[in-house]
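Q: All chains, full assembly: derive it from the sequences and hints.
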Amino acid sequence: MNYQWAAEHLAFRDEVETFIHEWRTPALLREYRAREGAGGGPLLTEYYAALQQKGWMRMCWPREHGGEGQNPIYRFILVETMEYWGMPYGNLTYTSIAPTLATHGSEEQKQRYLPGIWSGEYTFAIGYSEPNAGTDLASLRTRAEKVSGGWRVQGQKIWTSLAAQSTHIWLAVRTDPDRPKHAGISLMVIETGSEGVTIRPLPTLSGLTTYETFYDNVFVPDENLIGPLHGGWEIIMHALNHERVGLSPTGNLARNYDLLVEHLMKHAAQKLQDPVLRIRLAEMKMEVQRHRALAVCNAVSIARDEMSPGLASMAKVSGSELRYRMTNLAMDLLGRAGALTEAAGELAPGGGRQESTWRASPILRFGGGTNEVQRSIIAARHLGMAR
Amino acid sequence: MNYQWAAEHLAFRDEVETFIHEWRTPALLREYRAREGAGGGPLLTEYYAALQQKGWMRMCWPREHGGEGQNPIYRFILVETMEYWGMPYGNLTYTSIAPTLATHGSEEQKQRYLPGIWSGEYTFAIGYSEPNAGTDLASLRTRAEKVSGGWRVQGQKIWTSLAAQSTHIWLAVRTDPDRPKHAGISLMVIETGSEGVTIRPLPTLSGLTTYETFYDNVFVPDENLIGPLHGGWEIIMHALNHERVGLSPTGNLARNYDLLVEHLMKHAAQKLQDPVLRIRLAEMKMEVQRHRALAVCNAVSIARDEMSPGLASMAKVSGSELRYRMTNLAMDLLGRAGALTEAAGELAPGGGRQESTWRASPILRFGGGTNEVQRSIIAARHLGMAR
Amino acid sequence: MELELGETRQLLRAAVRKFLEAECSFERVRECEREGRADLKLWRALCAQGYLATPFPSELGGGDGGIKDAGLLVEEVARRAALLPIVEVLASALTLHHHGAGDDATTLLQQTLSGEALPVPALLEAQDDFDRIELRAPAADGLRGEKFFVDYATAASHHLVTARDSDGELALYVVATDDAALKCEALPNLGRTPQSRVRYDGARARRISGPDGVAFLVQVARALTCAQLLACMDASLSRTVAYTNVRKQFGRPLSTFQAVQHHAADMAMHIESSRFLTYETLDALDRGVASEEQVALTKASLSRALPDVVMTGHQLHGGQGYIEENDLYFFTIRGKDRCLAWGSAEECLGIVARGVEQKARWL
Amino acid sequence: MELELGETRQLLRAAVRKFLEAECSFERVRECEREGRADLKLWRALCAQGYLATPFPSELGGGDGGIKDAGLLVEEVARRAALLPIVEVLASALTLHHHGAGDDATTLLQQTLSGEALPVPALLEAQDDFDRIELRAPAADGLRGEKFFVDYATAASHHLVTARDSDGELALYVVATDDAALKCEALPNLGRTPQSRVRYDGARARRISGPDGVAFLVQVARALTCAQLLACMDASLSRTVAYTNVRKQFGRPLSTFQAVQHHAADMAMHIESSRFLTYETLDALDRGVASEEQVALTKASLSRALPDVVMTGHQLHGGQGYIEENDLYFFTIRGKDRCLAWGSAEECLGIVARGVEQKARWL
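Residue numbers (the numbering used here), protein chains in the order written: chain A, 1 to 387; chain B, 1 to 387; chain C, 1 to 363; chain D, 1 to 363.
These are calculated hints, taken from the structure and not from any lab test.
Since the structure is predicted, the reported quantities are computational estimates derived from the model, not experimental observations.
Please note that a few of the clues may not be correct.
[What the hints assert, rightly or not] Taking lysine to aspartate or glutamate and the DMTMM-like style, the derived pairs with C-alpha atoms no more than 25 Å apart in a straight line are: (1) K146(A) x D222(A); (2) K41(D) x E23(D); (3) K41(C) x E134(C); (4) K266(B) x D128(D); (5) K181(A) x E145(A); (6) K359(C) x E321(B); (7) K248(D) x E130(B); (8) K266(A) x E116(C).
A: Dropping the structure here:
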């Protein structure tokens, strides 16, 4: 029993921080925001190349899949540190699609896609959700019919985030309507520019845009099927698993706290002496520490190679709900200025970070498996409650 | 739209308060506590007689059942005022059994039981719950078999509160095991001293004792069946409805708040200047006002003769959960002294009221229909959500 | 105690609702949001219908109503998420009516009710504290200084500005916005309502009331803001109930899941208690018996409740409610912005905290 | 970072658990509760097994463990709801070990670990504030004054009493309880643990440490109390899970209802974060790097969590858990009592509030 980070872990954290301070320019952050998290801009391309060179993108992958086989705790440290500083460290293409391709793709598919992913040339949008298949993903209806040399896809997806910035779509389709729900699903890669693909932007409350994508008789060649026919469900579950170690990091919550206090110190020194305000901050600090406890428990458990879906769900629920509560309180403490957006410039405390995070907070509670589903997972998998 | 109490309502409240101040002696309160809420002691008997004489026990009953046909809002005012001062105003025998008898009993039964109830001679314990039939009351298993001139009852009840202090038990039994759950239940009155009745005390966390009652081949004469054979379920539901107007009063929560502040003013004047403590009290006051809003909404709605199970459920959920939160916080504010019980004498703040109320707070959350069931009622009946 | 609207009020509410539903589509609201402006055309139509005058005596062309009626109007406007300065103008007009002194006040009130004038309060300064006003009363060369967080400042014809006279006493001054010595800088905010930082550089200002008027203005605006919060919560819930009744997952409507029912029940409890507290407070203001503490307690309660309510609405809508094509977001962003306006929960609790020793009558 | 117990600790824990399950039935605990006394026979047996010495160096007959091991012992005792002064004696002994000066301290420590002596802290006074100690250091005629809320005062052989010397500095004094000039008055409390108000009327007292020892004692006792809270929450949850898995309503186990699952999940989240924070804090104390703020934050967090956790346990047990024949109540009453001991959530948050500007390292 030892609650200290090992020296090599702290050294790695420091190395990451040094790297961040070298690269974290206002211009880079601007480009990152303008591209809504997608890679491909000139500064981001350079930055991602540097990240690749550091070996940090795949350091925890198994060697046989092109990684360095490092303990996943390194990934956790990377994610926490990057999140604290609000720096990009790879979107789902790197963190979910690439490892899934490396595991389930054929040799030919690996060679076709992975180098482009590493270089930043390829970005994948994920096409799982449909208007009537959200939490209940297995009821998806987009179907692929076998034709000579490939498939014809017909259907509609929502929440195909980054579709407009992507080169490919990672698509879940129903290849056998007669099998039970989970059993008739397959995974395919579609090029975004394929004939019959339509992309419609959907602005969201967070300010980011997501996309609805329509597939009208889109032809997908046989070689774009990933994994076994009708074996898509397992791959989807596998892909969702990849980010469990850095799920719901404490970094950005901690940063939120630090920026709030920094703002108060600079602009409201007198208010900061108010005992009630200080108690609110103390409660906030306590809640962040509580979340951190769950995030670390989850990471350490994964690093020990244990399957602990209950801990991952706890971190997910805790972090997503705290994000709402904490920004909500922060705005109250800031008063009317707390509602000013980034566009209000200097008057917006901390660049409007509390306001924008509050606005974006719903998605983490229902996305990636609703918190209701997560709580039932905790009951079943962590507590062993009969279902 | 008018949010003021009418002059006659305020006059009635004042009359009740005057009455209370006349009767509220330490000796009466001691006797009340010693008898755990049952009537029958010398002071309580005198007090109940005075209450009867005032006409307040049945003032809102229909005239044809021996009442005065007053608007139920008077009952609400009575309950709120009595609760504030912690004074007895009739247990379930008066408030639930008697009106049910008046509605569903035969002429002969009314004459047999009601005068004894009014005089305080008769007290009824309620025998509904069983070890395996709590929230799911309709699955009760105590059965009555027809024999010549009556019934033979076999089974077991729990939560037969006041059984040891009562003259009768108001018992729900299964008279037809072949009918579906709700349809085979009947209601009978059993004299507590009947052969075959065993009463076992069960101390509870609140300090009060409840009872387990066993029925071993107990003979119940035909004339003790209340209402139609197999018609018990409807009577049970009716009996539970009677107290809806004074359900979950604000009075004792408000009193809790007042006593806490009084204690702080007297014994911790300096602490009471602490801005953080004051904010906690302000939050508590706000929560009591929130609850009061729901309690009044419910009462006014009933007084308008509307069926509003949603509002009644809201008041129930709100009051029972607030009772816990409020006493829990009050104990924290009082520090270690907050855990001292009444037995600690003068050192226990407010006679240990926060501590004892905290300890008793679970029962109101699961008793009388769990708060989980109540929330589903709110969804279905108040919001019209599809079930 | 009579919690139902009477017949007259029901008719009024139905008429306003019908009018707004016909005149104010959510698409139109989106357009105003994008352009960062108030819907002045709709405002003029609302005034032309005479609705704005409802809370005022018939001598002023009104409906002999009171502050409760102002609350009903505010609720209806908030239910459509319309970008109208309804709280700002009603609070200003009620202040002019009850505390305005001199011909200037009388004229401005008449013009306001007929729709010719549109006065909005300009109270707060950089510190965001109603008690810490530093602006000095206008000298010979006019009013000089800044006001912050002025809602609908650019849509207004007049600002009601607080300033301290030489005795340090607060007073209310009228400034016409066509005065060249007045500059507005937009403050983009969560609620997407037009808001400004205003600089007065020698603007002409006329005194129309003393400290009583200022205090009354704050109380009335604070209470009317509660009606906005109430409508936002109610709109979020009714949309959520409708959605969960039809949206199916795992083969059955969402509304049949216990967790969904319980979330919705919690929303409903917040809303019912909020409705009672809001109208009880407006009623007390009508009767002139509302304490500062009562108004603050109500505002604190609703400001605490709203974020939980609207965010639960989002939780039950999932992705569908997060997309701005869905109308749900209006009530989320307007609602939270209003939680901070006219005193946040924290600020209002501070006021309640001053009187914790006072025994309340609970009946 | 290694959150699992090592093999040695697992063995120790298993041994202590087995010992307590064999020696300490819940019926026995009920008997002690009724009689308002500590289970001194069990205490002697526990000492005889050598468990108490585990956290101490082998020179003292111990197991070369540390404060984390003390935490494990405390957890096991709390899991049986045993009426043993485990926190009080361990905190006293650890203070004697790390800060005790002089032969008196050494002797007392040795006697304590062997079970001959049983020292408990007597710190608080009527104001219930660790920072406001007014008792004066003993003069020639001995120690005179009162201490409040002294846990296990009558079971103890010695009290470790805080008092201020002439410079106003706090110091720790030992008083033997067989001194005639010492009187205990019982303080019946929610937790049903023996607690007293103690009056010293010229009792003989020997100084064993200065302010550092006092501060250390409070920190260690506060952190060990967290281990009690953790065990109470854990015991409440494991009983609740077992109960809901078998209890049927409406034809299926309670555990299959979504609302029940979600309640249990919330309990579990509180417990997992509490476990981490508790042992992280004990670990930091072991390494001498725990700040007052860290200890207070952990205590505040668990003291806030426990009431919600145990009351949710009651909600899921319904009537069955409310009856004292069920063992659930032990964890409810002991737990909440411990929330108030060694600094309530409010008090501890006040300590955290002092340092809100300090940037924490989150990794």
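Q: Taken at face value, is the distance from the CA of E321(B) to the CA of K359(C) at most 25 Å?
A: holds (23 Å)
Q: Run the distance test for K41(D) versus E23(D): straight-line Cα separation, threshold 25 Å.
A: Satisfied, since the Cα-Cα distance of roughly 10 Å is no more than 25 Å.
Q: For the pair supplied as a hint, K41(C) and E134(C), is the alpha-carbon distance within the 25 Å limit?
A: With a Cα-Cα distance of about 36 Å, the restraint between K41(C) and E134(C) is violated, given a limit of 25 Å.
Q: Starting from K181(A), check that the Cα of E145(A) is at most 25 Å away, please.
A: Between K181(A) and E145(A) the Cα gap is close to 17 Å, so the pair holds against 25 Å.
Q: K146(A) and D222(A): Cα distance at most 25 Å?
A: OK: K146(A) and D222(A) at ~9 Å, within 25 Å.
Q: Verify the proposed pairing of K266(B) with D128(D), using a straight-line Cα cut of 25 Å.
A: holds (16 Å)
Q: Are K248(D) and E130(B) close enough, with their CA atoms no more than 25 Å apart?
A: Holds - the C-alpha atoms of E130(B) and K248(D) are around 13 Å apart, at most 25 Å.
Q: Just to be careful, I want the Cα atoms of K266(A) and E116(C) compared with a cutoff of 25 Å; is the pair within it?
A: violated (44 Å)
The structure fails hints 3, 8 (numbered hints given earlier, in ascending order).
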